[in-house]
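J.: Sequence:
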Amino acid sequence: MIAEKIIDFKKSLPEEVQLIAVSKTKPIALIEDALTCGHLDFGENKVQELVEKHEKMSKEIRWHMIGHLQRNKVKYIAPFVHLIHGVDSERLMNEINKQGKKNNRQISCLLQFHIAQESTKFGFSINEMKSIISDGKHLDWENIVIKGVMGMASFTEDKFKVEQEFVQLKDYFDEIKSLIHNPDEFNTVSMGMSNDYEVAIKNGSNMIRIGSSLFGARQ
Numbered sequence: 001m002i003a004e005k006i007i008d009f010k011k012s013l014p015e016e017v018q019l020i021a022v023s024k025t026k027p028i029a030l031i032e033d034a035l036t037c038g039h040l041d042f043g044e045n046k047v048q049e050l051v052e053k054h055e056k057m058s059k060e061i062r063w064h065m066i067g068h069l070q071r072n073k074v075k076y077i078a079p080f081v082h083l084i085h086g087v088d089s090e091r092l093m094n095e096i097n098k099q100g101k102k103n104n105r106q107i108s109c110l111l112q113f114h115i116a117q118e119s120t121k122f123g124f125s126i127n128e129m130k131s132i133i134s135d136g137k138h139l140d141w142e143n144i145v146i147k148g149v150m151g152m153a154s155f156t157e158d159k160f161k162v163e164q165e166f167v168q169l170k171d172y173f174d175e176i177k178s179l180i181h182n183p184d185e186f187n188t189v190s191m192g193m194s195n196d197y198e199v200a201i202k203n204g205s206n207m208i209r210i211g212s213s214l215f216g217a218r219q
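The numbering of the sequence shown is our numbering, which starts it at 1 and goes up by one.
Since the hints were derived computationally from the structure, they do not count as laboratory data.
Errors might be hidden in some of the hints.
[As the list claims (entries may be wrong)] No more than 20 angstroms apart at the CA atoms, straight line, and that leaves these computed lysine to aspartate or glutamate pairs for EDC-like:
| hint | residue 1 | residue 2 |
| --- | --- | --- |
| 1 | Lys-101 | Glu-90 |
| 2 | Lys-53 | Glu-32 |
| 3 | Lys-130 | Asp-88 |
| 4 | Lys-75 | Glu-90 |
| 5 | Lys-56 | Asp-41 |
| 6 | Lys-5 | Asp-33 |
Given the sequences, and given the hints that come with them, work out the whole structure.
T.: Laid out in structure tokens, this is it:
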């Protein structure tokens with residue numbers, strides 16, 4: 001059933017848009033159902049749940065850490081995580097780089113920018129990231145591959161407001177891409193969830209994080 005939903009959902013998307021199936025709080029049986037259609041990209045927002053599922057499930061799965069990540073928990077996912085979406089501070093970057101070195105791997109990350117008007121959201125400001133790049137600090141992160149940007153729009157019924165925030169994130173992506181040392185690898189704009197992904201895609205998203213539209217309401 002979940003596999004059929006994923007197949008149908010993918011058919012509705014532009015070819016260049018990657019679907020991350022948000023499996024947080026969902027049982028392994030449902031994810032295994034999803035695997036039967038060949039989908040391998042799943043998103044979790046809690047480290048403990050991510051680690052438990054990784055240990056019990058196919059090692060072919062590409063696990064995405066999409067929630068707020070605390071520095072003291074990076075070590076638990078560093079050996080296997082496919083992509084960390086919510087990298088929101090220089091100190092977190094330093095820790096991910098440190099754990100990448102320990103595990104002899106380069107960890108792919110997205111820069112999370114604060115685009116919503118809500119104080120509960122996390123993220124860099126554009127000036128903060130431009131300063132990091134101009135100072136060359138990002139060049140010290142040899143065990144990180146910065147793949148692009150991520151952001152969450154305000155939780156509101158105001159579609160115009162949401163669209164403006166997505167436009168802003170795409171502008172940030174373009175600005176950072178022109179400054180960064182690996183522009184070819186910097187190619188991902190992760191924005192859009194079940195309630196706003198169509199607006200996100202319209203404004204430049206090529207990675208969407210979909211949970212309730214596939215798995216049903218959060219438990």
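J.: Compare the structure with each hint and give your call.
T.: These are the hints, each one checked on the structure:
1. For the hint pairing Lys-101 with Glu-90, the CA-to-CA distance comes to about 17 angstroms; that is within 20 angstroms, so the pair holds.
2. Restraint check for Lys-53 and Glu-32: satisfied, since their Cα atoms lie roughly 11 angstroms apart, inside the 20 angstroms limit.
3. With a CA separation close to 14 angstroms, the supplied pair Lys-130 and Asp-88 stays within the 20 angstroms bound.
4. Distance restraint check for Lys-75 and Glu-90: the Cα-Cα separation of roughly 17 angstroms lies within the 20 angstroms cut-off, and the hinted pair is therefore satisfied.
5. Distance check on the hinted pair: Lys-56 and Asp-41 sit about 16 angstroms apart at the alpha-carbon level, within 20 angstroms; holds.
6. For the suggested pair Lys-5 and Asp-33, the alpha carbons sit about 11 angstroms apart, so the restraint of at most 20 angstroms is met.
Checked against the numbered hints given earlier, the structure satisfies every one of them.
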